[in-house]
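**Student:** Go by the hints and put chain R with the ligand onto chain A.
Respectively, the protein sequence lines represent chains A and R.
If you're matching positions, the first sequence starts at 0 in numbering that gives the first Met the number 0 and goes up one per residue.
If you're matching positions, the second sequence starts at 0 in numbering that gives the first Met the number 0 and goes up one per residue.
A few of these clues could be false.
[As the list claims (entries may be wrong)] So the derived label-pair ranges between C-beta atoms look like this: (1) Met58(R) - Ile228(A): 28 to 34 Å; (2) Thr85(R) - Leu235(A): 21 to 27 Å; (3) His59(R) - Ile228(A): 32 to 38 Å; (4) Leu81(R) - Tyr285(A): 18 to 24 Å.
Please keep in mind that the hints were generated in silico from the structure rather than gathered at the bench.
The beta carbon of each residue, even a glycine, is placed where N, CA and C say it ideally should be.
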Amino acid sequence: MSAEPTGRTHYLNADYGVKSWLLTIDHKRIAILYLISITVFFALGGLMAVLMRLELATPVGDMVQPDTYNRLFTMHGVLMVFFFLLPSIPAVLGNFLLPLMIGAKDLAFPKINLASWYIYSIGGLFTLWSMLHGGVDTGWTFYTPFSTAFSNTYVISTAVGVFITGFSSILTGLNFIVTIHRMRAPGLTWFRLPLFVWAHYATSLVMVLGTPVLAITIFLLGLERLFHIGIFDPALGGDPVLFQPMGWVYSHPAVYILVLPSMGVVSEIVTAFSRKRIFGYKFVAYASVAIAVLGFLVWGHHMFVSSQSPYAGVIFSFLSMLVAVPSAIKVFNWTATLYEGSISWDTPMLYALGFIGLFTIGGLTGVMLATLGIDIHVHDTYFVVAHFHYIMVGGALMGYLGGMHFWWPKITGRMYPIFWSKLSALVIFIGFNLTFLPQFLLGYLGMPRRYHAYPEDFQVLNVMSSAGASILGIGYLIPLVYFIWSMRYGKRAEDNPWDAFGLEWETSSPPPTHNFLETPTVSLEAYDYADREEKRRAAEVSASGAVEPG
Amino acid sequence: MSDHEQVTGVGAYVVVFLALMVLTSLTVGAAFVDLGPFNDVVALAIAFTKATLVVLIFMHVRHASRLTKITVVAGFLWLLILFGITLTDYFSRGFLG
Ligand SMILES: [Cu+2]
Numbered sequence: 000m001s002a003e004p005t006g007r008t009h010y011l012n013a014d015y016g017v018k019s020w021l022l023t024i025d026h027k028r029i030a031i032l033y034l035i036s037i038t039v040f041f042a043l044g045g046l047m048a049v050l051m052r053l054e055l056a057t058p059v060g061d062m063v064q065p066d067t068y069n070r071l072f073t074m075h076g077v078l079m080v081f082f083f084l085l086p087s088i089p090a091v092l093g094n095f096l097l098p099l100m101i102g103a104k105d106l107a108f109p110k111i112n113l114a115s116w117y118i119y120s121i122g123g124l125f126t127l128w129s130m131l132h133g134g135v136d137t138g139w140t141f142y143t144p145f146s147t148a149f150s151n152t153y154v155i156s157t158a159v160g161v162f163i164t165g166f167s168s169i170l171t172g173l174n175f176i177v178t179i180h181r182m183r184a185p186g187l188t189w190f191r192l193p194l195f196v197w198a199h200y201a202t203s204l205v206m207v208l209g210t211p212v213l214a215i216t217i218f219l220l221g222l223e224r225l226f227h228i229g230i231f232d233p234a235l236g237g238d239p240v241l242f243q244p245m246g247w248v249y250s251h252p253a254v255y256i257l258v259l260p261s262m263g264v265v266s267e268i269v270t271a272f273s274r275k276r277i278f279g280y281k282f283v284a285y286a287s288v289a290i291a292v293l294g295f296l297v298w299g300h301h302m303f304v305s306s307q308s309p310y311a312g313v314i315f316s317f318l319s320m321l322v323a324v325p326s327a328i329k330v331f332n333w334t335a336t337l338y339e340g341s342i343s344w345d346t347p348m349l350y351a352l353g354f355i356g357l358f359t360i361g362g363l364t365g366v367m368l369a370t371l372g373i374d375i376h377v378h379d380t381y382f383v384v385a386h387f388h389y390i391m392v393g394g395a396l397m398g399y400l401g402g403m404h405f406w407w408p409k410i411t412g413r414m415y416p417i418f419w420s421k422l423s424a425l426v427i428f429i430g431f432n433l434t435f436l437p438q439f440l441l442g443y444l445g446m447p448r449r450y451h452a453y454p455e456d457f458q459v460l461n462v463m464s465s466a467g468a469s470i471l472g473i474g475y476l477i478p479l480v481y482f483i484w485s486m487r488y489g490k491r492a493e494d495n496p497w498d499a500f501g502l503e504w505e506t507s508s509p510p511p512t513h514n515f516l517e518t519p520t521v522s523l524e525a526y527d528y529a530d531r532e533e534k535r536r537a538a539e540v541s542a543s544g545a546v547e548p549g
Numbered sequence: 000m001s002d003h004e005q006v007t008g009v010g011a012y013v014v015v016f017l018a019l020m021v022l023t024s025l026t027v028g029a030a031f032v033d034l035g036p037f038n039d040v041v042a043l044a045i046a047f048t049k050a051t052l053v054v055l056i057f058m059h060v061r062h063a064s065r066l067t068k069i070t071v072v073a074g075f076l077w078l079l080i081l082f083g084i085t086l087t088d089y090f091s092r093g094f095l096g
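Isolated chain A (complex conformation) (with noise of 0.2 Å):
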């Protein structure tokens, strides 16, 4: 299985022109398609993010107009939540990754497959327009009844992106199911599937109880505004906090959407890095699904302040510190696995390991937020700002770029440099950390977001987040930078050049159209690193002896 430089043919160099990548049914190539359009939304969402530190380095307000700032704020949201980070791993890794590591052709409908990266653009276009035109000021969440009764800017436009971009995503969950379901390889059992599925599995199932509910919120709040049909304004027989329940029954599960699949990620990652079978396999698999479950049962924890019964905001915060048990049971169990591995630090277990400590800060003030005297304190504070921006960079960003690392090779075939990789992993989690972990001390002493400006005690805070800020930008920026180059100049990567463990090493880098010359089978446990050694041996010895004889 030795890489042949030249003349092998791989899904890369089948066919070329414009028309091959438009039309193609191949999930490599579609994972490519999503892989350029959500990059060119990270950087219009981070163009928002630079223009807000801008803005916030100096306590008045004079660099955007408040309006202007309350519109970057909500298309920094719109555009990161929904246009990068929810179809991040999902759409780029898990469409990639998910037939290799199950030993499929394809996904099980392939032509779906394509549709649904079309209605994700089309989606997108319909949210550009709106940006170009002045964007929207509600917020992402597009809160009643400022966004039904108040707001004069491009709603509906917007609003319409986000329904349709919604299709993909559930149509991307349909497609992994039903493939996970029926298109494993011979021997491949659900107990022995890599936790990257297990974990696609979990999420695309938020994928398609979840999104249709983001949809019938979407139709309402249009419903509303266009014709005046009273759902959510009192004053035509609705209910303005009706749309809280309703939105976030979706949006907390989203968040699981995008760091569900980095969790896979981290699993595959440190069970490779330290050579060693992941601890407690079963639980982290069941603990994805327990996560994905209980998502659904949270929403109440958005409204402590909003009217809600204080005997549900108990409820609801019982039940959102539950989310910590499953979530704790995977920290708990890679930590584990690290236990006496011989771990190597190559770049892609750099980010995992930083999405550990990361998510764990994250999720230990989420449960902090659930606890009911503490959220009153800073709801709608820069600490909840902190804690989600830990959820999803220092969650979700930090495993889809670990798992960039991870695969690259196996995407296209290349090595990128490992010195000026292991940099931006540094500067990446220098910068997180500056650009956040103020914020949390901002937001416990009083700090309201979605402001301007603000008092001047609070500028030595918000310098330092601007400054981590810029950092972090250069840290996005240098992989870009060499994974571009690598395509063309990189060292040619071996089929396994980690010599991980797992049916998408199997087959060449980059593979063939159909993945595989020949169905694999699997006799092995996953990350079996110990018993592959051992088949390996036990191959050498009797290499070695039939050669000796003659």
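**Tutor:** Then chain R with the ligand, alone, in the frame of chain A:
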């Protein structure tokens, strides 16, 4: 999967249809009898029976695979949980006065 047609004949559909009609008239009839709070209980019990008939026979769940059955039950359980938690808010709003 392919033996639905063999298992559920036209006769069964007709019987279920008639049963649904009878139960509907029962609902209408019960509305005229004052049972206090039990009016709701009776109406809901009849509705539940009708829904069960539809799901089991019209929707072929009775002869479906176990996976389908579990999915159906899970769906209803899920609805129950979501309604239940929502009602914790609704019912306890007055507690503080
Ligand atoms: Cu939440």
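**Student:** Now look at each hint and say whether the structure bears it out.
**Tutor:** Here is how each hint holds up against the structure:
Checked against the given bound of 28 to 34 Å, the beta carbons of Met58(R) and Ile228(A), roughly 32 Å apart, stay inside it. Under the hint 21 to 27 Å, the C-beta atoms of Thr85(R) and Leu235(A), about 22 Å apart, fit the expected range. Against the hinted window of 32 to 38 Å, the Cβ-Cβ separation of His59(R) and Ile228(A) comes to about 37 Å, which satisfies the hint. Against the hinted window of 18 to 24 Å, the Cβ-Cβ separation of Leu81(R) and Tyr285(A) comes to about 22 Å, which satisfies the hint.
Checked against the numbered hints listed earlier, the structure breaks none of them; every hint is satisfied.
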